[in-house]
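A.B. asks: Got chain F sorted already, so can you dock chain H onto it with the hints?
There are 2 protein chains.
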Amino acid sequence: MQTLPLSDNISVESYTPGLHILAELKNINPDPLIDFSGIKKFLYHQIELNSLTALGEVFHNFENGGYTGVICLTESHLAIHTWPEFGLVTLDVYLSNYRKSNDEIARSIIKHTIEFFNCSQYNLKEFKR
Amino acid sequence: MQTLPLSDNISVESYTPGLHILAELKNINPDPLIDFSGIKKFLYHQIELNSLTALGEVFHNFENGGYTGVICLTESHLAIHTWPEFGLVTLDVYLSNYRKSNDEIARSIIKHTIEFFNCSQYNLKEFKR
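Top line first, the protein sequences correspond to chains F and H. Residue numbers for the first sequence follow our numbering, beginning at 1136 and rising by one. Residue numbers for the second sequence follow our numbering, beginning at 1136 and rising by one.
Excised from the complex, chain F in its bound form (with noise of 0.2 Å):
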């Protein structure tokens, strides 16, 4: 039996293209969650270690604390959004993988993150889109 070449059998219907993580972290010491300088220095960081490409990003400050960011990646998107009021962070991680699979750095990223934050109460789910 000849075995095809993977590109043979990826049909439109069934294609694929990527892991997305949400995640949901709780409980978080309120300082980290306040400007987004730690964390931005940190998942670029984390782009680098793990060979993704940024393609730009926005990061915002609000007024009485807390940030939102994005960072737009070749790979599809980081976005991270805090309250620090409620020690809450949600974050997304959402890889394609059109040249490899990335879904083991997605996992990463999320592990890291946690870290990070120096977090114990997290929810994750995954997400085959």
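Be aware that one or more of the hints could be misleading.
Identical chains share a label here; the pair holds if one copy fits it or two copies do between them.
[What the hints assert, rightly or not] Taking lysine to aspartate or glutamate pairs in the EDC-like style, the calculated list, with each CA pair at most 20 Å apart, reads: (1) K1235 with E1261; (2) K1175 with E1159; (3) K1260 with E1159; (4) K1263 with E1159; (5) K1246 with E1198; (6) K1175 with E1261; (7) K1235 with E1198; (8) K1175 with E1198; (9) K1246 with E1159; (10) K1175 with E1192; (11) K1263 with E1183; (12) K1263 with D1166.
These are computed hints drawn from the structure, not numbers from a lab.
C.D. replies: Chain H only, in chain F's frame:
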């Protein structure tokens, strides 16, 4: 029995910032998936129509067709990625409810984007984060 004001019933444990809808739109005519100019105008019209506040954006057309775009909002973010070769779009609409409930606005933006692409085959998942 006295009715407590809503704010007294929100604890650190129970606070859920808003609704995130993940959509996969399939079998779309590839033409509007190649260049972001049409969808960018459409999304900013939705933002204005629904009195949301944009903080910034990243849009990028890929050399071989297809684009990626993220608009950062005070209410969280919109994100779109396209694969014209597969007639595929993944769309995220995540709106927090800091000042008022934006759940119906999130659903309305999804609905109108599906109509924009004249798409009849799609998956939607809703998450209260």
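A.B. asks: Against this structure, judge whether each hint is valid.
C.D. replies: Now the hints, each set against the structure:
no.: 1; hint: K1235 with E1261; result: within (18 Å within a copy, 28 Å between copies)
no.: 2; hint: K1175 with E1159; result: within (18 Å within a copy, 29 Å between copies)
no.: 3; hint: K1260 with E1159; result: both (9 Å within a copy, 17 Å between copies)
no.: 4; hint: K1263 with E1159; result: both (18 Å within a copy, 11 Å between copies)
no.: 5; hint: K1246 with E1198; result: neither (29 Å within a copy, 33 Å between copies)
no.: 6; hint: K1175 with E1261; result: neither (23 Å within a copy, 28 Å between copies)
no.: 7; hint: K1235 with E1198; result: between (40 Å within a copy, 19 Å between copies)
no.: 8; hint: K1175 with E1198; result: within (18 Å within a copy, 28 Å between copies)
no.: 9; hint: K1246 with E1159; result: within (12 Å within a copy, 26 Å between copies)
no.: 10; hint: K1175 with E1192; result: both (10 Å within a copy, 16 Å between copies)
no.: 11; hint: K1263 with E1183; result: neither (24 Å within a copy, 32 Å between copies)
no.: 12; hint: K1263 with D1166; result: neither (33 Å within a copy, 25 Å between copies)
Checked against the numbered hints above, the structure breaks hints 5, 6, 11 and 12 and satisfies the rest.
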